[in-house]
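Peer 1: Using the hints, position chain B against chain A.
Protein chains in written order, with our numbering: chain A, 5 to 520; chain B, -13 to 55.
What the hints contain is simulated information worked out from the structure, not anything from laboratory work.
Computed from a prediction, not measured in an experiment: that's the story for all the values here.
Each hint should be verified, as a subset may be incorrect.
[What the hints assert, rightly or not] Simulated restraints, written as ranges between beta carbons of each label pair: (1) A:510 <-> B:37: 26 to 34 angstroms; (2) A:295 <-> B:47: 17 to 25 angstroms; (3) B:52 <-> A:110: 40 to 48 angstroms; (4) A:295 <-> B:6: 52 to 60 angstroms; (5) A:413 <-> B:52: 21 to 29 angstroms.
[Said to hold, decoys possible] Examples of chain B residues toward chain A, derived with CB under 8 angstroms: (6) 8; (7) 12; (8) 16; (9) 29; (10) 32; (11) 38; (12) 39; (13) 46; (14) 49; (15) 53.
[Stated by the list, open to error] Some chain A residues near chain B, calculated using beta-carbon distances under 10 angstroms: (16) 214; (17) 215; (18) 219; (19) 232; (20) 257; (21) 285; (22) 289; (23) 292; (24) 295.
Don't be surprised by glycine CBs; every beta carbon is placed ideally from N, CA and C.
For reference, the chains in residue letters:
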Amino acid sequence: MNEAAATIGRDLGRIFQALAGLLFVSLLVPLVWGEYWAMPALLVSGLVPFVIGYAMTTRFQGAAQPSKLHGMIIAATGWFCVALFGSLPFLFIAWTLEVGLPIIETPSQTATLAAFTDPLNAVFESMSGFTGTGLTMTDNEEVLPRTLQWWRSFIEWVGGVGVIVLTTAILARPGSGSLTLYESEARSERIHPSIVSTVQTIWWIFLLFTFVSILLLWVVGMPIWGAINHGMTGLATGGFSITDNSIATYDSVAIDFALLPIMLLGSIAFPVHYLILQGDLRNLYTDLQTRWVFIYMSAGTLALTALVYVTETYDTLFTAFRYSSFQFVSAATCAGFQTAVDTTNVALGRWPAQAQLTVAFGMIVGGAAGSTAGGIKLIRSITLLKGIRFRIADVFYPETAVRRLKINGRRLDEREVRQEFEEAAIIGFLWFVFLAVGTFVLLVILPQGEYSLENVIFEVASAQGNVGLSAGITGPESLPTLGKVMFLFNMWIGRLEIIPVLVTLRTVLDRGGLYQ
Amino acid sequence: MKIGDLPYVGDPLEEGAEDRVFDSLLLLGPVIVVLIAVLGRSALTTAIAVAYLSSFVGYVLYRGVFEGA
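Only chain A is shown next, with the shape it has when bound in the complex (with noise of 0.2 angstroms):
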C-alpha cells in the first residue's frame, strides 16, 4: 500500500466513524417514539461504517497529512461513501418490515416505505440528504416512522454545513491537515486563524440559530415534531419535509412567511454571522454576497410574483406575492421546501414556463459561498459578471493603463483579476455543461409529451444545485433507473462544486497519484 492511498484511508476512516456517531445518536429517537423494531436495523447501520472505519484509521494511523489532491480525492470518494453508508437505515428498516424480526413486533409495511428496499433508491434518498437536495424517493413522508423522518432531517442539517467540517470539529486536531480536507469540501472562509476552531465556530453558530429556528415555527403553530425537523432541513437549507405536501401541508401564512428568515440564514456565510453576532450589524450590507443576498431575493420575488400575478396564475396580489415570495427564496436559497402544491394552490410544475424559469435561474445561481445553499454561488456569479465588465472596459483604456478590479472590498491587479474570473468561469461553465447533459438524458429517458422542456431543466437544476424542488418527475416510479443514477451523480457534483469529483474521476480512471 503506498503513502496516498494509506493518507486518504485514514481520513475516509475518520468521516466513517463521524457517521457512525451520527446512527448512534439517532438510537433515541427509536426510543422516545417506541419504535424499538427499528432500532436493530438504525445499530448495525452504525456498526458497519463504525468497524470500518476504526479498522483504517487503526491500520493507516502514521500517514502522512493530505495534499490538495489528496484532499479532494478524500471530499469526493468521503461524501459518497458517506451517502452510501448513509442509505443504509433506509434499507435495513425497510426490509425490517418486508421480512420481519423474530422477538418484537413490528408494524405493517407500507408503500412508501417498501420502495426503499430497492438499494437504489435508499442511496437516492441518503445522497439527496447528505447533499442538501431534498428530492425524495418518498411518496409520502407522513407514514414514514419517526426513525427515518429524523433520519433524513439529520443528514440533511449535518450535509448543510459538510461531512468534513463534522469530522474535523470532533475528531481533528489543530495541525492535522484539515485545511486541505475543509478547502476540498467547497468551504474556504475562515473566521479564525485556526481551522479547527473556525470549524468549531461554525457549528456553535449553526446550533444556535438550529434552535432559534425550532422555536420560531412552534410559535407560529407548527406542532413541535414538525418544527424540529423543519427547523433543521430549512437552516440547512436542505427542504427534506416529515409532511405529505412539504410546507403546502400547514396552509399557514405564519408559517410560510417564519420560513423566510429561517431559509435566508442558510444562505448567508458563517463569518458574516459571527461578525453579527459579535455586533458589527453593518456587515449585512457591506459584504459584497450579503447585500446581495438581499437585492437578488428581493428582485427575484417581485419579477416572479409580476410573472405569476399577470398571467392569472393566482387571484389576488398577496397571494401571489406569498407563493412566489417563498418559492423564489425556497429556490434561490436551494432549501426547497414547496408551497405551491395543487392541494392548496397551483403547483409548480403548472406555474407558466417564464415563471418555472424564473425559480430555475434562482436555483442556479444559489445562495452565498461559505453558507449551506447550493448553486454556482453569487459571489462566482458576481465576479462573472464584473469580469466581463472589467475585460470590455480594458479595451477603452491605453495598453499601459494599470487597472485594479473591486470585488467585496479587495482591489485585485491583473493577475488576481484573472485567476479568479477564470475559477469561476470553470466551474460556471462545467455547471452548464452538466446542467447540459442531464437535460439531455432526461429528455431520451422519460415518456415522450409527458415533461416539457422546461420541466426537465428544472428538475436538472434542482439536483445539481442541490434545491429539491420537483415539476413532478422525481419519484420511485416516475423516474427511470438512469435518471436516479444520473442525479445522483448531478447532486453529488453539486454539493462539491464538481472539480473534486472531477479530479477522483480522472485519478480511479487512470490511477494517477494513486499507485504510482
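Peer 2: What follows is chain B alone, placed relative to chain A:
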C-alpha cells in the same frame, strides 16, 4: 464542570461568539425544546419560547446598536 469538559461536543460548544448571553441561549435551547415536547402548547410554554426568541433578536440588536464597532 465546564462546558468545554464535555466529551466530543465540549470543544465546539466552547467556541462561538464568546459571549455569556449567547452561550446561555445555546444551552437553554434544547431544554426549552424538550420542555415543549413534554408539556405541549400552553400559555406558559408559548411565553417561554417567545421570551427566548425576543432575547435572541433583542440581544443581537442591542450588541449591534450599543456595542457594535
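Peer 1: So, for every hint listed, does it hold in this structure?
Peer 2: Against the structure, the hints:
Between residue 510 (chain A) and residue 37 (chain B) the Cβ separation comes to about 55 angstroms, which falls outside the hinted range of 26 to 34 angstroms. Against the hinted window of 17 to 25 angstroms, the Cβ-Cβ separation of residue 295 (chain A) and residue 47 (chain B) comes to about 19 angstroms, which satisfies the hint. Roughly 58 angstroms separates the CB atoms of residue 52 (chain B) and residue 110 (chain A), a value that falls outside the hinted 40 to 48 angstroms. Between residue 295 (chain A) and residue 6 (chain B) the CB atoms are about 31 angstroms apart, so this pair departs from the stated range of 52 to 60 angstroms.
As the Cβ distance of residue 413 (chain A) to residue 52 (chain B) is approximately 25 angstroms, the hint placing it in 21 to 29 angstroms holds. The beta carbon of residue 8 (chain B) comes within 6 angstroms of a beta carbon in chain A, closer than 8 angstroms, and the hint placing it at the interface holds. A hinted interface residue such as residue 12 (chain B) counts as satisfied when its beta carbon comes closer than 8 angstroms to some beta carbon of chain A; here the least separation is about 5 angstroms, so the hint holds. Because the beta carbon of residue 16 (chain B) sits about 7 angstroms from the nearest beta carbon in chain A, less than 8 angstroms, this interface hint is met.
The beta carbon of residue 29 (chain B) is not positioned within 8 angstroms of any beta carbon in chain A (closest approach about 12 angstroms), and the interface hint is therefore violated. Because the smallest distance between the Cβ of residue 32 (chain B) and any Cβ of chain A comes to about 7 angstroms, under 8 angstroms, the interface hint for this residue holds. With 8 angstroms as the threshold, the beta carbon of residue 38 (chain B) comes within range of chain A, its nearest partner Cβ sitting at about 6 angstroms, so the hint holds. Look at residue 39 (chain B): its Cβ gets to within about 6 angstroms of chain A, closer than 8 angstroms, so that hint holds up.
Among the interface hints, the one on residue 46 (chain B) holds; its C-beta lies about 7 angstroms from the nearest C-beta in chain A, closer than the 8 angstroms criterion. For residue 49 (chain B), the shortest C-beta to C-beta distance to chain A is roughly 4 angstroms, which falls under 8 angstroms, so the interface hint holds. About 5 angstroms separates the beta-carbon of residue 53 (chain B) from the nearest beta-carbon of chain A, less than 8 angstroms, and the hint is met. With its C-beta approaching chain B no nearer than about 8 angstroms, residue 214 (chain A) sits inside the 10 angstroms limit, and its interface hint holds.
With a cut of 10 angstroms, the hint placing residue 215 (chain A) at the interface with chain B holds, because the nearest CB-to-CB distance is about 3 angstroms. The criterion of a C-beta within 10 angstroms of any C-beta in chain B is met by residue 219 (chain A), whose closest approach is roughly 5 angstroms, and the hint holds. For residue 232 (chain A), the interface hint holds, since its Cβ comes within 10 angstroms of a Cβ in chain B; the closest pair sits about 7 angstroms apart. Annotation: residue 257 (chain A) was flagged as interfacial toward chain B, and the flag is violated, the nearest CB pair being 18 angstroms apart, outside 10 angstroms.
A hinted interface residue such as residue 285 (chain A) counts as satisfied when its beta carbon comes closer than 10 angstroms to some beta carbon of chain B; here the least separation is about 3 angstroms, so the hint holds. At a threshold of 10 angstroms, the smallest CB-CB gap from residue 289 (chain A) to chain B is about 12 angstroms, leaving the interface hint violated. A distance limit of 10 angstroms between C-beta atoms decides the matter here; for residue 292 (chain A) the minimum to chain B is near 19 angstroms, and the interface restraint is violated. Below 10 angstroms, beta-carbon pairs count as interface contacts, and residue 295 (chain A) has none with chain B, the closest being about 16 angstroms; its hint is therefore violated.
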